[in-house]
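Chemist: Protein chains in written order, with this note's numbering: chain U, 1 to 107; chain V, 1 to 107.
Watch out, some of these pointers could steer you wrong.
Pairs involving identical chains hold if they fit within one copy or between any two copies, as the list cannot separate such chains.
DSSO-like mimics (lysine-lysine), calculated; alpha carbons at most 27 Å apart, straight line [claimed, not checked]:
# : residue 1 : residue 2
1 : Lys5      : Lys28
2 : Lys42     : Lys5
3 : Lys42     : Lys18
4 : Lys5      : Lys18
5 : Lys5      : Lys48
Bear in mind the hints are in silico, worked out from the structure with no lab data behind them.
There are 2 protein chains.
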Amino acid sequence: MSNAKTKVSVLYPDGEGKTFDMDYYCNKHIPMVAELLGDAVKGATVEKGLAGGAPDSAAPFQAMGNIYFESVEAFQNSFGPHADKIMGDIPNYTNIEPIFQISEVMI
Amino acid sequence: MSNAKTKVSVLYPDGEGKTFDMDYYCNKHIPMVAELLGDAVKGATVEKGLAGGAPDSAAPFQAMGNIYFESVEAFQNSFGPHADKIMGDIPNYTNIEPIFQISEVMI
Chain U
1 MSNAKTKVSV LYPDGEGKTF DMDYYCNKHI PMVAELLGDA VKGATVEKGL
51 AGGAPDSAAP FQAMGNIYFE SVEAFQNSFG PHADKIMGDI PNYTNIEPIF
101 QISEVMI
Chain V
1 MSNAKTKVSV LYPDGEGKTF DMDYYCNKHI PMVAELLGDA VKGATVEKGL
51 AGGAPDSAAP FQAMGNIYFE SVEAFQNSFG PHADKIMGDI PNYTNIEPIF
101 QISEVMI
């Protein structure tokens, strides 16, 4: 992913009553996004929260998903036409309101 | 990093008056951590926040740093002896109180 300088992160904060279907996310949602966005997607990672920093603390986020693109424009151009379908799938795997961030990959 | 199933993330939330020295972080802090933790470190990534999900919104996090390990135990055993030195370096590059998360790499 050396040419993938743009990372789009979607973070799912934990909280009381919050649920997240990791199986659906990994096997349905992420593959759907990858198919819709096509060649613009240079890689994707998914992480499941295990713990926080303090001893015996809960993970702040139940899950994190990250998709890599060559540029912010490559993300916007590929995501825009499919935004409604992708966002509309979120209730199928979680009741968490996710946090979105677009980042520049430094290292 | 196929055998690196544990990801330790450090997130730096943005906010009024918050500062983050990306040059110091990439060129001093991360290399120091990598040297102290040695072979336990299987990879490291750093991202700089560009934007949020909504149009013209600010990035929720000024920066994110991630270090990959083979296991939670490999992280704990390598980090523990150097925790004070590593945590003590944080004020040298930011006034942000970071959020820590240990995650299992799913994809």
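Chemist: Up to 27 Å between alpha-carbons, please classify Lys42 paired with Lys18: within, between, both or neither.
Modeler: Classified as neither; 30 Å inside a copy, 32 Å across copies.
Chemist: Can you tell me if Lys5 and Lys18 fall within 27 Å by alpha carbon in one copy, between copies, both or neither?
Modeler: between (32 Å within a copy, 24 Å between copies)
Chemist: Go through the copies and call it for Lys5 and Lys48: within, between, both or neither, with a Cα cutoff of 27 Å.
Modeler: both (23 Å within a copy, 10 Å between copies)
Chemist: Classify it for me, Lys42 with Lys5: is the Cα-Cα distance of at most 27 Å met within a copy, between copies, both or neither?
Modeler: both (10 Å within a copy, 20 Å between copies)
Chemist: Is it within, between, both, or neither for Lys5 and Lys28, if the alpha carbons may be no more than 27 Å apart?
Modeler: The answer is both: 25 Å in one copy and 21 Å across copies each meet 27 Å.
Violated hint: 3 only; the structure is consistent with all others.
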